[in-house]
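If you're matching them up, the sequences are chains A and B in order.
Just so you know, we're using my numbering here: the first sequence kicks off at 10 and counts up by one.
Just so you know, we're using my numbering here: the second sequence kicks off at 580 and counts up by one.
No lab work stands behind these hints, which were simulated from the structure alone.
Take the hints with a grain of salt, since some may be wrong.
Pairs of lysine-lysine residues, derived as BS3-like cross-links and limited to a Cα-Cα distance of at most 27 Å, are as follows [claimed, not checked]: (1) B/Lys975 - B/Lys660; (2) B/Lys896 - B/Lys929; (3) B/Lys857 - A/Lys131; (4) A/Lys131 - B/Lys968; (5) B/Lys881 - B/Lys947; (6) A/Lys131 - B/Lys811; (7) A/Lys131 - B/Lys835.
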Amino acid sequence: MTAFLQATIYGLLQGGLLALVAVGFSLVWGVMNVVNLANGSFVILGAYVGWEMHEWIGLDPFLGMFVAAAVLFVLGYVLQRFLINLVVNGPIFITLLLTFGLDLLIVQGMNIAFSADFRGIKTSYASESLAIGSVRVPVGRLLAFALAVAITLILVAVVNRTRTGMSILATGMDRGAARLMGIRARHVYALTFGIAAALAGMAGVMIGTVGTFNPSAAASFTLMSFVVAVLGGLGNMYGALVGGLVIGLVQAWGGQYLPGTWVNALAFLVLIVVLIVRPTGLVGRAYYAARVEV
Amino acid sequence: MRSRTLAVAVVITASSLVVAGCGSKGEATSTSSAGSGTLAIGASLSLTGALAREGQLTKEGYQLCQDKVNAKGGVDIGGTKVKLAIQYQDDTSKPDVAAQLVDQFNDKGIKLILSSYGSANTEAQAAVIERNGQVMADSAGADNKIFSKGYKRTFAVLSPATEYASSIVKAIADLATPKPKTVVFLSADDGFSKTVTEGGMKTAKDQGFTVLDPQYFPSQTSDVSSALTKVKGEHPDVIIGSVHLVEGVAIIKQAKELGVTPAGFGETVAPPTPDFAKTLGTQAENVLGSSQWTDATKGTDKYFGSAKDYAKDIQAKFGHAPDYHNAEATAACLAFALATEKAGSSQPDKVRDALSGLDTESFFGKIKFDPTGQNIYKPMSVIQVQSGKALTVWPKESAEAKMIWPGTHQ
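Just chain B, same shape as in the assembly (with noise of 0.2 Å):
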């Protein structure tokens, strides 16, 4: 009895646990469709699951976005005031679910997508856009495999992940004395970190550095405490993640409790989120880290203004100092909003020719798109955490701050 009571346990506890993010569908939808004097625009966000914090952020962006625009009367279509109207769905962080939602808006005739958080999502709904000839906007899906597919109707804003670790290697050469010979990666397993360290250690190699073999570790680890182990008897000079907050985090608390000590740290995703320096405190002082958007930001667009106003903007309405993931959310609803005025229409087709040869001017930089849809065009910035603030130090004509070098009291 009780063997098979176990054996019985066993199977649904691990079917349930992996059962656990698939509960709700998300909530309920304010319009069904586009109605008169508004235009709909799906949104799959990652609300709930493992994505919460950085689908919340993304939510604000788009919110920000609408506000901003119907406050002006909403997009002008072919000389008509129209009203976004952006219609939530919680994909609860998994691409499965993410990529069905895609669906759904399209069966409610919604052919505006603005996409949900991270890569694995972004990846997965593209390939249904494609099929139903829908239009993405992507905010948060860098992974550069999402532009190989030949799609032709996704249109990121954000620099590729190739960038994201290339940008911290290429900062280092430039600003830091005495410059750093060896550089390691430690990587998260997901395809996109996995892109990041590739793109960071070509350019690390083409830079000059020494360049030792990358570790990895599971997405969403707390634990890299092995990966540390394994890279201290090594000595590097340099340790860069391609990481998202959790394993960014466990990083430098790690490497402090294990006494790895190199003469600095950079990663990405994780130093510019508020959160990275009130976990850490004193210690993320002088983590370098990348950003697709500081408010140090050249440009300025009718909606939005300049980066510093998008900032006030931010701080008034949601009450926190914006984080990169606002930004690129707003940025990517901006491109929808700019290229429907451009095409006069709200037709799928129509507004895809026109993002495609959108080319402006914002408070995010540059939006010009390539044939493959990224917006490759746009640089990053590399920012550094110096007294609690996550300061641009790099490129120079953009520096808030000089950059701290050595990081690291060694």
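Next comes chain A alone, as it looks inside the complex (with noise of 0.2 Å):
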């Protein structure tokens, strides 16, 4: 009883992370229709941004992660606005091509900058645990899983209430409805590349205070964030949140009563049987079908 409690104490924590590294995939797919394989790079490029904040001012990677979050909004807006934008009426596999090389370059980039050297954020209080009875609960992946849900709560309340959220979500319906409404869609798209890219560079900081990164480890971000998001579902703000804790759970469980190599394979099994038995996604909406691109 004790090891399935701390299995899934475990696995909701490490699920609360995918969610954060999910969450902006799900965002730039449901409004821009565009999957981003460079998300995996964002998310260790913002690792480390919080390592060298950490390494040469000190900064804490709690405080360090609104430095990386910043840097890689920048980056994010940038990106869209120059570069994505320009393709971004064409076909998926375009958009897909374009990703996928700039993956490929920030990954090598980050080789040649950073070296493929391991590293993780030394904090003193990250490994430490809080013992309930005989289970324990890593203070750095509570503190993180937090934070993940804080913010997927943030960019929810965000996007139905605010003026810049409502836009987004317009745009995202039909682009040339929104148009016609006076919504600059260019901005409105850097804007939500931007918020996306700026919440992976914060998951990174938060996977570099719990575990290692180097900048191969990209890829399996990448990979996780596509499983997350639409095992969650697309259109509805908290799939990444839901996909992230239903893939972290399913791991941790798999990993207790399975042989530990199956975890992956497990995974992929939980999307395929998701995906049979509802199309849109655990929580996705049906409406986005209907989404008109112009």
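Need the complex rebuilt from these two chains, each delivered in its own frame; the hints are there to steer you.
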């Protein structure tokens, strides 16, 4: 029983982190119909920014993550406005190719700039854990989880309640109509991409704090974002959160009761089953299927 | 429309992620074949992808070898001094690309090959080497399976995989007081790590330990929490990880998070690399690890001198302390240099025969191959991280420090 509880807690915490990795990816896909294959490299780039901040000026990673968010926001905004926007109306293949190329460039750039050394952001508290009975709750992961949930909730509030958020939603639903209402679609797209990159960067700093990273880890985060976003469903801001938590739990329980090498296959099995039963994902919305692309 | 787009996106994303590592076939080579006065050697290396870190260390080892040998005028082949010219290609950490690159070197007439990093890459290369009549000096492919296929053209300077965990078990049996009773192996699921685990478990049983069921997890994962949760209730005295760096760091970090406290940890591959102590800080303290080479290794050779001299050269050229991945790469290259001198020729068959008869001391210890191509005469050392440094604690005759046991605060 203890083992089950321990696996559940750990799986939930891990799931929260995955959700934060994927939430921006899901947003960009839902609003812009761009599958951003560079999401994993944004995560790792964020981790490096957090690491540098911690290393050079001793900034705690939970503060450094805001610096990472700012850096990645600017990068995301510029990339979208001046590069991805050029092909955003093209077939999805083209944007896939472009973001895939960006991913290769960023990963190789990080290899050159930071080397392939493995790094971790060392703090005095991240590896400590609270003992609740015989179950341990790691402090670093708990903080990261709380932040992931908070950020998702803030994102939902921003998107649903502010003018900017509404314009993001409106552009996602019907770009032509949004333009007619005076929304600058290019700016909104760039803003969306910037926010997504910033969220990925924050997730990266969290990952660097509770684990290790190097440039080659980027691909696995892109893959995970993809699984989480599709599983949770697009068009609903809670999709990534639900998807992340489910994948985290499935992996933890699977690891506990099945041979440990099956965990990755298990995540995809769950994805396939969910897509068969609910093609829009767990909490995805059908109204996005009817959206107009002009 | 939406669902079709989704389906297309799923397919493309999945396939492009698979293709991800296969992108570049490598950098351009400097020379196309052995010109006059140079001996061309091909090296496919993992310079990008999951093994980029170890691939880079391997490249440094090869480079230092080329520099030191050429600084002495080169290798003496039949009375003529010939300089080494190693050509590098990036195999992106993929075994199939590593094997293709060996073929490409063959097409260019390059018959002497320095291996890529890791058992999977080297195993793929060894089959091609055999078919093409090339010769390979293996610097980092330790899985015993490579040497059980009857290949005659692959020679590994390093100790075989079965020794990696066995040496740690032997060191604990020799030096740990009170002697621990139960041991559990946490292992990555790649071929090399599994062979390490099998070898280690056999040795542990022979040494009288109670060996619990091993736990496996995917290779290169950074989450080993399930394996740790499973063994937590069994309260093992020793946890030995058959791992690479990522999984090795994860075991120590997550064991702390989950409150798993054996009397000591031992891990293959990870602890001697500088990144291990850098990433883990004080958590790395007292973790045991096995090493192919330390600067306390006995033996000298004419190109590199002693192990201490070698350590100084790496420090001077690359600005960091030597890692055993550097040393084993240099040793493989050294084996080629000595074998071509002994053969008096760079003909692959003659170099092969010279390698199989090679029996020499070196900064890397003894190099002498058995009929399968393994350097089984070379022992492994066991190191322990003490005050952030990897110090040799076993075997006793080359120990730099006493083993601290128990290694954790239980």
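Tested hints:
no. : hint                : result
1   : B/Lys975 - B/Lys660 : violated (41 Å)
2   : B/Lys896 - B/Lys929 : violated (33 Å)
3   : B/Lys857 - A/Lys131 : holds (9 Å)
4   : A/Lys131 - B/Lys968 : holds (18 Å)
5   : B/Lys881 - B/Lys947 : holds (17 Å)
6   : A/Lys131 - B/Lys811 : holds (25 Å)
7   : A/Lys131 - B/Lys835 : holds (14 Å)
Violated hints for the displayed structure, listed by number in ascending order: 1, 2.
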